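Number of protein chains: 2
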Amino acid sequence: MPAFPARLAPQPRSVAIVGGGLVGSLSACFFAKRGFQVDLYEYREDIRRTEHVRGRTINLTLSARGQAALRRLGLERALVAEHGVALRGRMVHHAAGAGAGALTAVPYDPVDNQCIYSISRRYLNEVLLTATEKYPNVRLHFRHKLVAINFKENQMTFQVGEENSQVQRSASLVVGADGAFSAVRRQMMKAPLFQYSQRYIEHGYLELCIPPTADGKFAMAEQYLHVWPRGSFMMIALPNQDCSWTVTLFMSFKQFEALDTTKALLDFFGQHFPDALPLIGTERLIKDYFSTKPSPLISIKCNPYHVGSSVIIVGDAAHAMVPFYGQGMNAGFEDCLILDNLMQQYNEDFSKVLPKYSEIRNKDAEAICDLAMYNYYEMRDLMNHKSFLLRKKLDNALYQIIPKLWIPLYISVTFTSEGYSWCLKNKYWQDKAIRAVLGVFGMIMLLVVVLFIFFFIHAIIETPCKLFIVPEL
Amino acid sequence: MPAFPARLAPQPRSVAIVGGGLVGSLSACFFAKRGFQVDLYEYREDIRRTEHVRGRTINLTLSARGQAALRRLGLERALVAEHGVALRGRMVHHAAGAGAGALTAVPYDPVDNQCIYSISRRYLNEVLLTATEKYPNVRLHFRHKLVAINFKENQMTFQVGEENSQVQRSASLVVGADGAFSAVRRQMMKAPLFQYSQRYIEHGYLELCIPPTADGKFAMAEQYLHVWPRGSFMMIALPNQDCSWTVTLFMSFKQFEALDTTKALLDFFGQHFPDALPLIGTERLIKDYFSTKPSPLISIKCNPYHVGSSVIIVGDAAHAMVPFYGQGMNAGFEDCLILDNLMQQYNEDFSKVLPKYSEIRNKDAEAICDLAMYNYYEMRDLMNHKSFLLRKKLDNALYQIIPKLWIPLYISVTFTSEGYSWCLKNKYWQDKAIRAVLGVFGMIMLLVVVLFIFFFIHAIIETPCKLFIVPEL
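Each protein sequence line maps, in turn, to chains A and B.
With the first letter of the first sequence counted as 1, position 420 gets the number 420 in the working numbering; the numbers rise by one all the way through.
With the first letter of the second sequence counted as 1, position 159 gets the number 159 in the working numbering; the numbers rise by one all the way through.
Calculated from the structure, these hints are not laboratory results.
All of these numbers come straight from a predicted model, not from anything done at the bench.
A few of these clues could be false.
[Unchecked claim] Below, a list of computed lysine-lysine pairs in the DSS-like style, where the Cα atoms sit at most 25 Å apart:
#1 B:K293 - A:K254
#2 B:K404 - A:K404
#3 B:K287 - A:K352
#4 B:K145 - A:K254
#5 A:K293 - B:K190
#6 B:K356 - A:K301
#7 B:K254 - A:K301
#8 B:K152 - A:K145
#9 A:K190 - A:K363
#10 A:K356 - B:K145
#11 A:K363 - B:K145
#12 B:K386 - A:K145
#13 B:K301 - A:K254
#14 A:K363 - B:K301
#15 B:K352 - A:K152
#16 A:K190 - B:K352
#17 A:K190 - B:K301
#18 A:K190 - A:K352
#19 A:K254 - B:K254
#20 A:K190 - B:K356
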């Protein structure tokens, strides 16, 4: 760790980043590139020097928004091309069984065949931390845990290491990139008019693993995110570069509790995931399942994202979401990009940049939090329904015919940089349009029926007239 | 303050109440009555020995739920009969002006003429604190600010007085009755699966005053809560025992900011509250308005209300609400009553009482938070609409005819002890019933029209037949 000069008043153009995870280290790069003196404080050890980091290990998927941020820093190629596994769609494993007929491939982008990338969280974090060190104006401080912030003087108190020694640090801007349980946000919550909600869903997750085959290959088609939708629960699998699969089981804590014996677990897998069971392996399943507890899933919304012109939160600290749209990291990276754009636009004037960031980012962040929640329902339940798959096909067909007018929700969220709230509104508009078309079609049908009845009645009414008339002629 | 024995392990049957406000002191009485050793910790001075307490000063209205709790402790008579000002309805001051014709009295209960009571928060708090002292097993500890709770050992750390001296205390049950910004709840938030939301509305409030008349009487009809509904903002007035009125102006912070000169303020009052302006007095209005800042209004929901079998939160700590249904204190008092009922039912077994309390209380508390939010809309806007006043009349008429079947929302919330969620569901059912009746009525009308058209067409169709026939006869 570089020596840290003792000072109390913040240097002008100094930025303190709290949190050395993905978004924190990316944010450090952005500010360093602009020439700020950047100090990054992380409460854990340097992960590049530890063997295993406990934490959120759900596999990450990188898509357009995240890639755009990496691209501006010249980091995209190294990460995506060399270390990502391309995914071109979902592979749905239907409840029926393991036969070939029980699989449906649902492409993400049937028109341009765009893909997302499965990538290891740890690898990505290591690359980004190393990227910060390429800037001479970045200093990394590990084992620094934020205890308090004095907003008036922009002074932070950190607990250093295990012992109870505390240090005071300051900066002209504090960036809270310290995740869903952000200490920076906890300090902000004391300010009046801070809107906040945290919601744990009733479901948790537990990670399992499918190893490579005996000849070192992928055990399933690797260009897909595999999904076993089972209505009230689901399992997914994401490929790793070493040909293994990270398998995640999502279900209610009650269901997890009910599977408390080896027999119950094997019966459950035999019934619901018969094709996955042999791939995971009975022994490994039992070991992995019973050695870990299911983890909770939280969704966090708050507003504003800044205090005055000196503190701001980004990434999960501002908008933690459930992982079902694969957008958590991408949204966090996009935060950094948007912040950088605003820094450009407002000539690095924090008093303008920060309020503008809160204003434009909040509605989009809340939209993706809602979309992520919705996507769980789509993935675990709707994917089972023929009407839903039909709608997907209709969306894709329209997208093929009028790609500028009809952008399906998944495409706009994953492959464009349109605001998330726009994507949501666009979907509402599409739903309305489809309902309107169906409505007009229904009306025409009704009109046809009414006209038919009218002519039928008319014919009947005319007939007796004639019947009466004819005999009298 | 009585001497406090040094001990670390909690005594069995000992209860620590955090917060000596209304709900805290009432809760202390309930536990003391059951024979528990009760220690009440309040971070302020003893309000009975201070001149003025800053804090939330919106006048309180006591209604059936609060009265029921006081009644069980034998406190109702002293408080209600001797110190409450009975309110029998709302008096609506229409925007038109100050003439007699511009007032509409809307009774709370036109059938049984039940009333609610306007009462001073401070007086009520003093009476309740004194009530706790009648139990020899209650000890009061002022200037004790909760800093932390160790949930495993049920140990609390308090900062005592101004200086930085801390003491450790413990109890077999900790009751957090420390208000909307509860320190107990802040500790609970760290536990997994704790649902939480805090929402500040865009509007704030500012208190003004109408003094008694020169001959010491009320300046307006005193049996009413006076309301000046103005669509996007409103003013209300509640009578005090000394014949003065506490006037509260509710509007958006932006509107408050816009009224930043004496002229703007007087123009605004002259335009919107011409009848109130002379009662408040120009000089007093200017002084009161510019000497205080508008205060924010917060709504808080969380779940569960307990941790294990040793910590529980009640009152605003569990469910702070906006003040528009006059139910904040009543709901808090009802919490104490329900907790007492459960203590009876489960033989004072905290491991059963606490989860049950969370389970049954949460849905009702969330319902009243929602209702309070809705009632702001009703009071400031709907009260202006003839259709709304007509619906009120319809509700009251039906209540008069079928009082067991048709209980209007306000009546059920204010004058019954039905769960708040039941009140809300009952209102939905009534809305549905009215819509259904209107729907059936509409269908009948449509049928009449269709039949009329049918016979009309039939007549026309028959006519030409006859026309053709007649000449040929």
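Verification of the hints:
1. B:K293 - A:K254: violated, 49 Å
2. B:K404 - A:K404: violated, 60 Å
3. B:K287 - A:K352: With a Cα-Cα distance of about 35 Å, the restraint between K287 (chain B) and K352 (chain A) is violated, given a limit of 25 Å.
4. B:K145 - A:K254: violated, 38 Å
5. A:K293 - B:K190: Satisfied, since the Cα-Cα distance of roughly 18 Å is no more than 25 Å.
6. B:K356 - A:K301: violated, 29 Å
7. B:K254 - A:K301: Status holds; Cα separation ~24 Å.
8. B:K152 - A:K145: At roughly 23 Å apart (the allowed maximum being 25 Å), K145 (chain A) and K152 (chain B) satisfy the hint.
9. A:K190 - A:K363: Judged against 25 Å, a Cα distance of about 22 Å means the pair holds.
10. A:K356 - B:K145: Not satisfied, since the Cα-Cα distance of roughly 38 Å exceeds 25 Å.
11. A:K363 - B:K145: violated, 38 Å
12. B:K386 - A:K145: violated, 60 Å
13. B:K301 - A:K254: Judged against 25 Å, a Cα distance of about 24 Å means the pair holds.
14. A:K363 - B:K301: holds, 22 Å
15. B:K352 - A:K152: Given that 25 Å is the threshold and the Cα spacing comes to 46 Å, the pair is violated.
16. A:K190 - B:K352: violated, 34 Å
17. A:K190 - B:K301: This hinted pair holds, its Cα atoms lying about 17 Å apart.
18. A:K190 - A:K352: Holds, at about 23 Å.
19. A:K254 - B:K254: It is violated: about 47 Å lies between the C-alpha atoms, which goes past 25 Å.
20. A:K190 - B:K356: Distance of about 31 Å is beyond 25 Å: violated.
Hints 1, 2, 3, 4, 6, 10, 11, 12, 15, 16, 19 and 20 from the list above are not met by this structure, while the remaining hints are.
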